[in-house]
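Enquirer: Construct the complete structure from the given sequences, taking the supplied hints into account.
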Amino acid sequence: MRTGTVESLADDQSDDDVDGRVRNDRTTGVRVEVSIDVNGRSERHDVEPRTLLVQYLREACALTGTKVGCDTSSCGACTVLVDGESVKSCTMLAAQADGRSVTTIEGLSTGDDLHPVQQAFVEHHGLQCGFCTAGMVMATVSLIEEIPAPTEADVRMGLEGNLCRCTGYHNIVRAVLAAAGTE
Amino acid sequence: MIPAAFDYVRAGSTDEVVAALVEHGDDAKVLAGGMSLLPLMKLRLATPAVLVDAARLYDLSYVREEGDHVAIGALTRHRDLETSELLGTSCGVLRGVAAEVGDNQVRHRGTIGGSVVHGDPASDLPAALLALDATFVAQGPNGVRELDAASFFRGFLETALEPDELLVEIRVPKVGPGGWSYQKFNRRAQDWAIVGALAVRGEDGTRVSLVNMGATPLRATAVERALAEGATPEAAAADAADGTEAPSDLNASSTYRQHLARVLVRRALEQSQA
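Protein chains in written order, with our numbering: chain D, 1 to 183; chain S, 184 to 457.
Do not take every clue at face value.
Listed next, the stretches of chain S that the computed footprint assigns to chain D, with coverage defined by at least 3 CB atoms under 8 Å from CB atoms of chain D [what the hints assert, rightly or not]: (1) 187-194; (2) 212-222; (3) 231-239; (4) 277-287; (5) 371-379.
No wet-lab data here; the hints were simulated from the structure. A virtual CB, placed ideally from N, CA and C, is assigned to each residue, including glycine.
Expert: So, in structure tokens, the structure goes:
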């Protein structure tokens, strides 16, 4: 039985009281079918409309690489790609991504081979605790797609939507420049 | 944080949005990019019973030259504004301000219409549209009407748009190659402005507008008047806080905001003239 802060995201959950806790707000019983191509795999789940994309990915798709950090659109730890563009998945409804393709951190590597951005973060020590890292890497992939030869200023501004409390950003910036080939 | 539960309507056309708004009245809110609305819903400061998703209205995303003005579809994303060559040549100041909104992730989703209708005085684009004397085009059950930016922003999160109307287009006059400068003051790069000041030079003088100095975006009319009378940027900027009601909050006191307004207006004027 699933416990935790979010109720009834999976198909098999009902709208009744869960674990004896009363649902204290309006529940319309409404479900919306959300179909998303996640990392090349077709996912289809019936979820409450208020389900955030980050919840859909972490809980319905069991892809927990994407993190919930601030939950208020600041830190970027929840960054994923929607149709190749970086978005903050904590500030997007899963329903808004219906019919789209989403790439998470799990979708970057091919077998045992790391994506060049992942490899650069490893080689240049672009992380410490790692909590911001999935978001940083996804934001970087999107940034390099849009600015293939970024300067250091481009990188620092381009990652303004991603916060890191550990590293002071120095090695993150080096990793991004290395990945872009402009170090 | 999880929004309160709501019914979800995925609209396929402007008519469908309007019909849903007519049917549900005050219970419904339109969802554009969600960059302003969803954070409020996650804090349950907004609890619409019905969310009308307008994302599929692809025909409302455009930047077009139409004679003496530029027509921008309400669902045009900030990213599409900041990369629009047409906007760059016809109204560069708007393109520049769009590039200042939030961060890359926010600009990939947020829309100019969503920002305008949300009516937050701390937003960047409404202040720019106020300085540019933009026109907003709304569609409702009784047809289409045009609204002036000058009277559109009524109060904090309150605009002249009726609950059964959808904003469909924003029109900005073409701006010549005169200088402009947007000074956005914040602590973290992706934050809302604590205070912002925009100066745009045009044929009829310099327009100055302020972000987060009141319940709505404001024109710094005292500054504009001083400039028209020949004042230097520094002298004109001394009046930047006139007629404002700067809030005190976690980020700054009202007094500090008034000081910021004077400093930022002076910088905006100087850099727009450079």
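Enquirer: Would you mind marking each hint as holding or not holding in the structure?
Expert: Structure-based check of all given hints:
1. 187-194: n = 6 at 8 Å, threshold three: holds.
2. 212-222: holds (count 5)
3. 231-239: Our answer is that it holds, as 4 residues pass the Cβ test (under 8 Å) against chain D, meeting three.
4. 277-287: holds (count 3)
5. 371-379: With 4 residues close enough to chain D, the hint holds.
Comparing the model with each earlier hint shows no violations; every hint is respected.
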